[in-house]
Structure formats: structure tokens, C-alpha cells
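Participant: With the hints as constraints, model all of the structure from the sequences given.
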Amino acid sequence: MKQTISVLVENQAGVLNRITSLFSRRAFNIHSLAVGVTDDPAISRITIIVESGNSVVEQVEKQLNKLVEVIKVRTLDEGTFIGRELMILKVSANAKTRPDIMTLCDICGAKVSDVSTTSMTMEVSDTPDRLDTFQEMMRKFNILEVVRTGVIALQKGAGKI
Amino acid sequence: MEMTGAQILVEGLRREGVSQIFGYAGATICPIVDELRAAPEIGYTLVRTEQNAGHMASGYARVTGKVGVCLVTSGPRATNLITGIATAYLDSIPMVAITGQVPSHLLGRDIFQEVDITGAVSAFSKHSYLVKDAARLPRILKEAFYIAASGRPGPVLIDIPIDMQEQMADVSFPSEVDIRGYHPSVRGNDKQIAHVVEAISRAKQPVICAGGGVFLADAAAELLSFAERTGIPVVTTMMGLSLLPTDHPLNMGMIGSHGNVCANKALAKSDLLIMIGTRVADRAILSPDEIKRRMPSIHIDVDPAEIGKNIQPELPLVGNAKVILNQLLERDLSVDAKDWVAALRSRREEELSREEPLQSGSVTPRLLMKCLGQRLRPDAAVCTDVGQNQIWACRHLWLGGCRFLTSGGLGTMGYALPAAIGVKTAQPERQTVVICGDGSFQMAMNELAAVRAGGMDLKIVLIQNGVLGLVNQIQSTPPYHGPFGVELDGSPDFAAVAAAYGIPSMYVESDGDVERTLDRFLAAPGAGLLIARVAPTASTND
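Going line by line, the protein sequences match chains A and B. Those letters in the first sequence? Residues 1 to 161, by the numbering used here. Those letters in the second sequence? Residues 1001 to 1542, by the numbering used here.
Note that these hints are calculated values from the structure, not bench results. It should be emphasised that the depicted structure is a prediction, and the values quoted were computed from it without experimental measurement. Worth double-checking, as some hints may not be accurate.
[Claimed, not checked] Footprint (simulated), chain A over chain B, 3 or more residues, beta carbon under 8 Å:
1) 1116 to 1130
2) 1177 to 1185
3) 1292 to 1306
Just so it is clear, CB atoms sit at the ideal spot from N, CA and C, and this is done for glycine as well.
Facilitator: Structural data, given as C-alpha cells:
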């Protein structure tokens, strides 16, 4: 089961290394990990998606909490948070295929960010499963390159960690 | 106050009450070492290999309760220290390790003696710092000592580029620390305490399993009060050995694959397991699932991550063992475990009173351990190495009150001698004995220099069987096909080695001579080496 863990850490060199080495040492599987600074420049937020049962996630939380630079850890319950991922995807495109691609972009809420005589590059921000769908739809146009950020997440409502 | 980084560091050490450093100087740590020249109140021991600086700091920390400090230069000095740091991490020993580093503007260029030591130790240090501004040193030092000693103790590394040691900074020294993400639990939750008291009162066959965490929390006295007040029998892990004297009526011995039969029976038959300061590692409890199936358990530990890591207890209780035991002692504790204890006790007596058939031509390790322990002063310290010598000591050394120190977690051969030197450095008057094998002794015998230089009356019992005994034992059991690569061919004449350091030796070669020789050995002034000849076939299962 995929679980979403939100972690607030001190924004310092070496923190990410400590977190990733913790995951590899304890044999926890990371599905994705996204990191960025928060409103407070001294604090970064890391969103980690792990594919594990509850007892493993509990152990992940505890091990993360042991790291001195980790300020707070919270596993977000399904349905109580907004989780989004950004994908940039490049496909082969020509005058003939361009309209079809545009139609799919409209349907999936993707934005065309670059175009050339032989290619189109789209960006789309959505839930991971919807990105999967978009990626699947684009497959027939010959995907040249894809990059995804991994999920970032915030709790719904006024709640914060 | 305008000072250099090196001056800040030494002043910070003074303020932390550091009175001893175990180290190895070199180019990138010279500014700090130069300042130590001007700080005679801080003792300095030069080790012969850096790993042992970690072990000496460990021995020092374990008997004083203070943070042990080691200091080495960059590159190979730092990588050699790694095993010392990992050994301390696995046994949760409070330690601050300081390493010199190449100039900060050259970091990452793989210059002479540069190594990413903070990266290298990240998996087995509690925390680490790479100093990038000398002005931050006072806070870093304050934090490092606090982190090393508080909560679940452990080693903290401070890596200091040489230019940071030379940099001038205008600093003040903080008197307190406040680390946003670090607030170890101290007091046990009162509701949980009530549940624990209730569970204990319902139990008919409870057993306390005490580990090294009890020593780390300085809670040996509280454990004894708790056991005596409730009458609950105690078993220990290897790291918990010597919490209770061997012949204490409630002490049922050490559990685990190398433990005593009585202790393992007590564990298997109990109806409530009370774990205190133990992490339920495989050598102590081989199958936590089986224990979980058989009986409910209470787990008291300062590290919340230990709860449920290896075993899921019915009642977790997070906090400092000393504080929690005192919280429990404030409650009305009533247990009726008399029949249970009596049954265990008779089995234990049988185990302890077993008579040895005497042999000549070699020494029976069990007899040697028993007789050695019985002759030690009540406040002695015993350091063992790793291997058969450790297992024999764990199972049979008579512990009348003395402190037992070993590398229980990482199982580092060569730990005993430097750890004992650490003990002796802190407490020169304390009777201190090393127990080692001829394999492990050869990993650390270069440190006899510190014994000689310090004029220490350290006693070393060397079990000589000519093989790496425990590996030999493993290889002699299926699926393996027999010993290989374990015969210690080419070993030196150990008495000659000791003599080269001015240390006299004695031999004991048959059981009939054990008591007499031990008496002479322990009574002799100064340092001494006792070489006990043991048969290479002697097993820890005998």
C-alpha cells in the first residue's frame, strides 16, 4: 500500500543524505521523494511516498524522528490531503499528429510548454494516477522523454503538521 | 571574545568538563593539538591505532557516565576510527569524536588525506557536524555533547577543516541548547505507568529482562530496588550483565543463544515479560515472534523506535529507565511470585554449584572464569573481547558486584584492552581486568604502550588456544566441513611481547593450578599478563 509521509526538516546540507541513507540502511522502499523549502527559509518539507504496510510505516516514522534535523513527521491519511505531482513529457509530433495531441492535452489539463517541428513538450500537474493515464494516452505518439517530480502533499482544511 | 577556532574548541571542551582525550595527531588537526598543549587540565593519551581511541573513550564513558572524547586527524586516521564509532553506536555509548579535515575550500577535490568522514559514519553515528564557520563552533560543541549524552546516548562526530581551526571568530559560549527537532522523552506516561502496575499485579510468573540501557540511565540501583520490592526474578542480556551480582537470589542469569539454561527457562515460562533498556536483538531473543505468541510484554525504553522494531509489546513505556523505575517505585506494587522464584532458584543453584572435573595439561575455561570472578574486588571492572573468551566470561565469570564491559552490539574483537585502558585512565585505583583470546589480543596488543606509559596496574588474562575459537567451533558444525583459516600460526611468544613492554607474565596450564596462580597474579603489583592454556577443542557449550 502506498503511504504519504510529510516531514519537516531543518534546511541544512547533509539532511537529505541522512534521510536517504536511513531508508537504504533499514531496507525501506521509497517510491518517491520530493523536497523544497517552506515559507520559513530555515525549514524544508519533504514528501515521501513509501510502499509498505502499517508497521513498516510506523518504524519509518520513528526512525525519521530520531534524526536530529527532523522537526516533525506525519503520515497523511488517505483522503485528508491534497497530493500533486508535476510531469514534463516530450513526444514526437508533426503537423499531422499535433491536433490529436492538443485534444488530449485539453482533456487531461496539460499545458503545451514547448513545440518544435518534430516534437511537443507538455507539462501537467495532477494526482499520480491521472499522470499515469496521460502518459499512457501519449504513448502512441512515441514518448521521447519524461520527468516526474514525485508527489508533494499538504493536508486539507486548516490542519498542518 | 575574539578567538581562533582551535581556541574555541578547547575552551568548549573545558566548559563541557572534558578531562581526557584519546587521540592521534596529524597535519589537519595540529592547530587544536597545539592548543591542547596549553591545556594541561585535559589529559591526552596517544593511541597506537585510531580504532582504539574510540574504544578507550568508550571504556572511559561507561565507567564515568561522562561523554568520552576522541580526536584524530583526517583521512586514514578518520577512517581507522570508524570501527570505534560504530562499536559505540551499537552499544549506545556517549561519545564525541573530533576529526581534522582538509581546508574547506579544497573539500571535494580528493586532496591528500581527504575523506568524507561525516558521510562515511552517517549510518552509525547519532549525529554529525561539518564545521563551515568557526563562529558556530560554541553552539556545535554544546549541541554535540548534549546529543551524545541525552536520550539514547551515542557517538557524535565533529569534522573540522583546518582553516576553521585557524579562523578568528568573535564568539560567546551558550549555556543551554535548544534543538528544534530533538526532545528525548524522560518521564513515562502516567496512564501507561498505571497499566504497567496493573499488569504486574495480575502476573503469576513475571520476569524482568534488563539490558545495557539500565546502565546507560544509571539505573542499576533502581532496578535492584524494583526487583527486590516486587520479588520479580531478573534475567539480563549480555549488555545487562553485572547489573545484579551472580548470586543475588533474584538473578537467573543471562538469556540468549549463549546464555544460561535457567535464564532461558525463566524467559520461556514467564507469563509477563518486562523488558527494560533492551532492544531484543537476535543474540538475546532469537525468535521474538515466539515470545510474542507465548506471553504479553512490557517494553520500557528511552528510544521510541525500539518499541515494535523487533517485538511488538502489549504495553510500551517510553522514557529514561531511572525515571520510570522511580515512577513505578512510587506506586503500590504487589506481586506474589514466590513459588515461581523458588522453582527458578533451585535450578539456578544447581547451575551455579556445578563441580568441575579437574583436568591437567590445559585449563577448563569455566573453572578459570568462576575462580577469577570470585577473587575480584567488589568494585572491579572486567573488559572482555569477542569470541569464546567473551562467551565463557558471560556464562561463568563470577560477578560479585564488579562491572562487566564488552562490545555486545557490534562484537568488535580487540575491544577489551583499549576499553580497560579507558577505565584505568578514568579511575586509576579501580581494579581492572582484561579477558581476551589469542586472536583478539593480537588485534590490540600495540596498546600495551598506553599501559606502560600510564604505569597502569592492568591485569590481562589471555586465553591461549592457538585458534580463533568461536569460528573454529562454527566451522566444526554442519553445514561446514571443518576448520579453515582459523589457526593462529606465527603468533608471537606473548610473554616476550609483554616483557618488551615491561610487563611480567605467568602461565597456568592445568586446573589444579588455577586458584593458586590467580591469587599470585592478582596480588602482584603493577601490570601483568596471565596466559591460560586452553585446549583448541574446548567449546562454549561445555
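Participant: When the hints from earlier in the document are held up against this structure, which numbers fail?
Facilitator: none
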